[in-house]
Amino acid sequence: MAARRGTEEMRDRVVLGEFGVRNVHTTDFPGNYPGYEDAWDQRRFEEAFRVDVIREEEDTLEFDMVGIDAAIANAFRRILLAEVPTMAVEKVFVYNNTSIVQDEILAHRLGLIPIRADPRLFEYRNQGDQEGTEIDTLQFQLKIKCKRNPQAAKESSDPDELYFNHKVYSKHMTWVPLGNQTDLFPDADFRPVHDDILIALLRPGQEIDVLMHCVKGIGKDHAKFSPVATASYRLLPDITLLQPIEDEAAETLQKCFSPGVIEIQNINGKKVARVANARLDTFSREVFRHEGLKNLVRLARVRNHYIFSVESTGILPPDVLVSEAIKILMGKCQRFLNELDSVSME
Amino acid sequence: IQADGTDGDCVTFVLHDEDHTLGNSLRYMVMKNPDVEFCGYCITHPSESKINFRIQTRGALPAVEPFRKGLNDLMGVCQHVLNTFETSMKEFRAQK
Chain A
1 MAARRGTEEM
11 RDRVVLGEFG
21 VRNVHTTDFP
31 GNYPGYEDAW
41 DQRRFEEAFR
51 VDVIREEEDT
61 LEFDMVGIDA
71 AIANAFRRIL
81 LAEVPTMAVE
91 KVFVYNNTSI
101 VQDEILAHRL
111 GLIPIRADPR
121 LFEYRNQGDQ
131 EGTEIDTLQF
141 QLKIKCKRNP
151 QAAKESSDPD
161 ELYFNHKVYS
171 KHMTWVPLGN
181 QTDLFPDADF
191 RPVHDDILIA
201 LLRPGQEIDV
211 LMHCVKGIGK
221 DHAKFSPVAT
231 ASYRLLPDIT
241 LLQPIEDEAA
251 ETLQKCFSPG
261 VIEIQNINGK
271 KVARVANARL
281 DTFSREVFRH
291 EGLKNLVRLA
301 RVRNHYIFSV
311 ESTGILPPDV
321 LVSEAIKILM
331 GKCQRFLNEL
341 DSVSME
Chain B
1 IQADGTDGDC
11 VTFVLHDEDH
21 TLGNSLRYMV
31 MKNPDVEFCG
41 YCITHPSESK
51 INFRIQTRGA
61 LPAVEPFRKG
71 LNDLMGVCQH
81 VLNTFETSMK
91 EFRAQK
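So the protein sequences, as listed, match chains A and B. Under full-length UniProt numbering, the residue at position 41 of the first sequence is numbered 41, and the numbers go up by one with no gaps. Under full-length UniProt numbering, the residue at position 8 of the second sequence is numbered 8, and the numbers go up by one with no gaps.
Pulled out of the complex, with its shape left as it was, chain A reads as follows:
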């Protein structure tokens, strides 16, 4: 009985000990455990797998994936960060830049601005193609000159009052349609996601006149192409009290965990601790600093329950990003399957 429980624990919990983490790797491969059916079974996977959406806001999405393995969950996370394509400024043609910001710094900053353009409408640029066609390039123009304000008060020192256009924001970038883009995208409005990104500061007489080409790229090439502010996951915490904990010990226990995790109930006049919501815990392992409590609690994580948190930069909504990431993984598999088939044909 105890042995059975031990294997259960080894199979589906990652245990956080005082000085290390145990049972980290997945061990449920066929042949490891006698009596367990571990071979891959699509039907069993489909029965056990579920996705629960917890919270969705404009740019963030928090959802749970239950019944999947670390390798695949990590693959989705890696693809979200580095392989979902977006459009970003790649080439900056500087016609005039008399500002304090150097050309290359200005170009670097322009590249990092997220552009609200659906990358699925565009193609990748062919390698070696310097010009860019209308199917793979978006052209933006930034033309701004700073002037002195003749109506300003004599002694004012507020730059907003003294000068016109002294702050260059991303809202000053305008889309210049190439070729037949006006027909291809009649009601599209390509602009940076945020209007208030400060690009440079100017003083009277300085001007910036640049033309920018946006291309489609992936985060692996340059981080400016990454569509997520961040995409991360954590495993669902699982706190078990090995013995009933009462009175003062219960109070200390409640303080050891994040608020809301442990609640104290009054049973028969005594205060008894109970695990209310393990999900909220951030596992600071404060329990292990208390000699009396550290052997009464088991801190673990559920091995196949992933709490994903995806925050998009605003180019695409986060649920679209997750769908695209899954499709990209499918595309990779398909590519190798095609290769295999074409090689074995010969």
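A few of these clues could be false.
Partial list, derived from the structure: chain A residues whose beta carbon lies under 10 angstroms from chain B [unchecked claim]:
#, residue
1, D38
2, D52
3, L61
4, D69
5, I72
6, N74
7, A75
8, F76
9, A82
10, V322
11, L329
12, K332
Think of the hints as simulated: they come from the structure by calculation, not from any bench. What you are looking at is a predicted structure, and each value in this text was computed from that prediction instead of being measured. C-beta atoms are modelled at their ideal positions from N, C-alpha and C, and glycine is treated no differently.
Use these hints to put chain B onto chain A, whose structure you have.
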């Protein structure tokens, strides 16, 4: 984008332009196959983006078979995950 290794049932595939993203998930799917005796992958050098993926099968099964099955299974998993995710999103939005 791939080349084969040695004979019959122990083969090392060299997958170009790949890294842990596909390597680890494919390794997991191939390990779930009871005919596979050994499956592993490694990245030869972090500057080059290619992985060595080795499969050794029990018995006389040619090693390409578990590779193909692993890829198909992974596609099946992704398809199911995609469907479940989109259904859950729709339900979540409907009941909001």
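Enumerated hints in conflict with the structure, sorted upward: Nothing - there is no hint that the structure violates, so all of them hold.
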